[in-house]
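**Student:** Next come the chains, spelled out residue by residue.
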Amino acid sequence: MKKLSFYAVFGIMSVLMTVLVPSMSFAGEVVVIANKNVPDSQLTKDDVKAIFLGEKTKWSNDTKISFVVLKTTDDQEKFMKEYVGKSSSQFNNFWKQQVFTGKGKMPETFDDVKALLDYVARTDGAVAYISSDSPADNVKKVEVK
Amino acid sequence: MKKNILALFTGISAILMSCSSLWAFDAGQVQIHGFLSQGFLQTDENNYLAETKDGTFQFNEFGINFSTELADNLRVGVQFFGRDLGPEGNDEVRLDWAYMDYRWKDWMGFRVGKMKLDYALYNETREMDMLRTSIMLPQSIYTELWRDTFSTVKGVGLYGTVPAGFAGSFAYSAQIGALPLGDEAGFAAAMEDSLSAFKPDVTDIDCDYMYTLNLTWNTPLDGLRTKYSFYEVQGFNASGKVSGLIPYDLNRDGAISAGEGLPVSSMSYETPVFRGYFVGLEYTLGDFILAAEFTDGDFNSKINLGYGFTGRPALPQRGWYVSGSYRFTDLLSMALTYSDYTPNMYDEDGNQQVRAGKNDFEAWLKTWTLSSRFDLNESWLLKLEASYNDGFGAYDSMGNNSAELEQYWWLFAAKATVSF
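Listed in order, the protein sequences are those of chains U and R.
So for the first sequence, this note's numbering puts the first residue at 1; every next one is plus one.
So for the second sequence, this note's numbering puts the first residue at 1; every next one is plus one.
These are computed hints drawn from the structure, not numbers from a lab.
Treat the hints with care, as some may be off.
Stated by the list, open to error - Cut-off 30 Å, straight-line C-alpha distance, at most; resulting in silico cross-link-like pairs (DSS-like, lysine-lysine):
1) U:K105 to R:K227
2) U:K36 to R:K105
3) U:K45 to R:K53
4) U:K81 to R:K227
5) U:K105 to R:K53
6) R:K227 to U:K56
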């Protein structure tokens with residue numbers, strides 16, 4: 001009876017999952033950018049995810065990674081879902097968990113693309129994302145495989 | 001104290017309602033975060049964790065933390081925390097965690113100090129209401145009565161994440177240290193309830209150490225992770241005062257009369273080892289999160305009521321739950337959870353409870369919970385929750401009279417939280 005209950009409940013949840021999942025489509029692209037002194041010009045999707053979840057903290061030359069977040073709604077949502085596998089709210093929740101267990105600090109955020117680009121350009125080890133439409137003269141684009 | 005907390009809560013909420021994005025204060029290089037929750041509990045039958053039949057506001061948590069990076073790899077921080085849930089906590093501010101974290105490599109870091117106890121999917125974050133949709137965590141895994149004892153450990157920890165290519169990645173942690181056992185905490189209350197025939201008052205409770213081992217597999221399927229946790233508590237012991245009689249045929253007439261027995265006044269209780277494990281799964285698909293966990297554990301104890309140690313019956317416990325949570329809009333999230341808890345697998349049908357003069361349904365606790373969460377802005381949220389329960393198979397901190405317990409009962413909860 002217990003096993004039947006477990007399977008019944010799990011089955012209901014699974015059906016709900018397939019029915020309720022929203023369709024995802026992106027109107028444009030986001031690109032990953034980094035400070036020009038960052039040694040790595042290519043990252044995997046797993047690397048990007050690990051960086052933004054605090055699991056990868058060093059570049060290939062052992063220098064510190066400083067990632068920052070652009071809080072414009074569409075770009076953030078696109079980037080989080082495509083690269084990190086979380087919605088923006090789930091990403092915020094993840095970092096709140098780190099903060100309230102002492103494991104990390106909230107990522108630095110920017111509402112303005114220009115301010116973010118200035119930060120990345122002047123900060124060694126910085127990495128972020130922007131819309132592919134935004135000019136990115138003082139930073140380098142990182143290819144994501 | 002309650003009025004002050006409510007006043008503080010009102011003040012902070014007024015500020016935060018007017019500032020939709022005011023998250024954290026940065027005093028130079030020191031980050032400061034905090035939260036405050038105030039809730040209300042009401043049951044239609046049975047007092048559960050507090051005087052809930054009459055409705056109670058004795059249900060709140062608050063915390064503030066300070067942290068900074070001393071170097072690229074080195075963090076230090078401290079969090080103060082207090083809570084109230086019926087007879088537990090009473091808003092006493094305690095050190096929740098305070099530790100140094102040295103991240104030597106991505107695949108290995110060290111923690112020293114008092115840290116959140118890592119086991120199961122959500123134990124580390126159980127104090128922080130704003131990090132989940134539901135108000136109450138499933139009691140089959142996250143027993144409220146034991147929360148104070150099993151929320152932190154003072155010692156050392158090892159952790160890291162190891163990429164595994166096509167297999168995803170593995171995150172591990174290990175902790176060893178001392179538990180914050182206290183004679184006023186929930187674990188002592190659970191002991192007193194289990195020995196209620198002798199009206200015990202635990203005056204001393206301790207253990208040698210506890211350790212946990214955790215392995216999380218972040219699978220190649222995006223959003224799916226599974227976690228295995230193992231724990232062991234070594235050298236648990238408790239002592240205190242008791243009163244009553246051990247039934248005994250003193251006059252050797254072949255029968256034990258009412259009031260005939262060996263008087264008791266003190267007790268010693270030992271559990272050389274108790275251990276258990278948790279297996280959990282969490283799958284995030286868009287705005288839907290499916291979580292399920294299972295636990296199994298047992299302990300063998302002995303007790304001395306002044307006439308030598310005798311073994312207590314083994315208590316293999318089992319619990320599991322399945323939960324689904326969905327974020328409909330920026331404002332509204334909802335969750336549905338089923339939780340199933342059996343405190344003693346040797347008494348699944350409750351016959352031992354009946355022989356002890358209790359109800360059979362005190363051998364299990366099965367709960368359906370519907371939760372709703374309203375995120376008013378980034379800092380303020382409100383939750384409403386209804387739980388339908390079958391059974392009362394949990395250690396009873398409220399001393400309910402078995403004859404007055406009802407098998408089927410509702411628990412309603414409301415909670416408001418501000419965080420920064």
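**Student:** Each hint: holds or not?
**Tutor:** Here's how the hints hold up against the structure:
1. U:K105 to R:K227: Roughly 24 Å between the alpha carbons, so the hint for K105 (chain U) and K227 (chain R) holds.
2. U:K36 to R:K105: Roughly 24 Å separates the two Cα atoms, so the pair holds.
3. U:K45 to R:K53: violated (53 Å)
4. U:K81 to R:K227: Cα-Cα ~23 Å, so holds.
5. U:K105 to R:K53: Given that 30 Å is the threshold and the Cα spacing comes to 41 Å, the pair is violated.
6. R:K227 to U:K56: holds (20 Å)
Comparing the model with each numbered hint stated earlier shows that hints 3, 5 do not hold.
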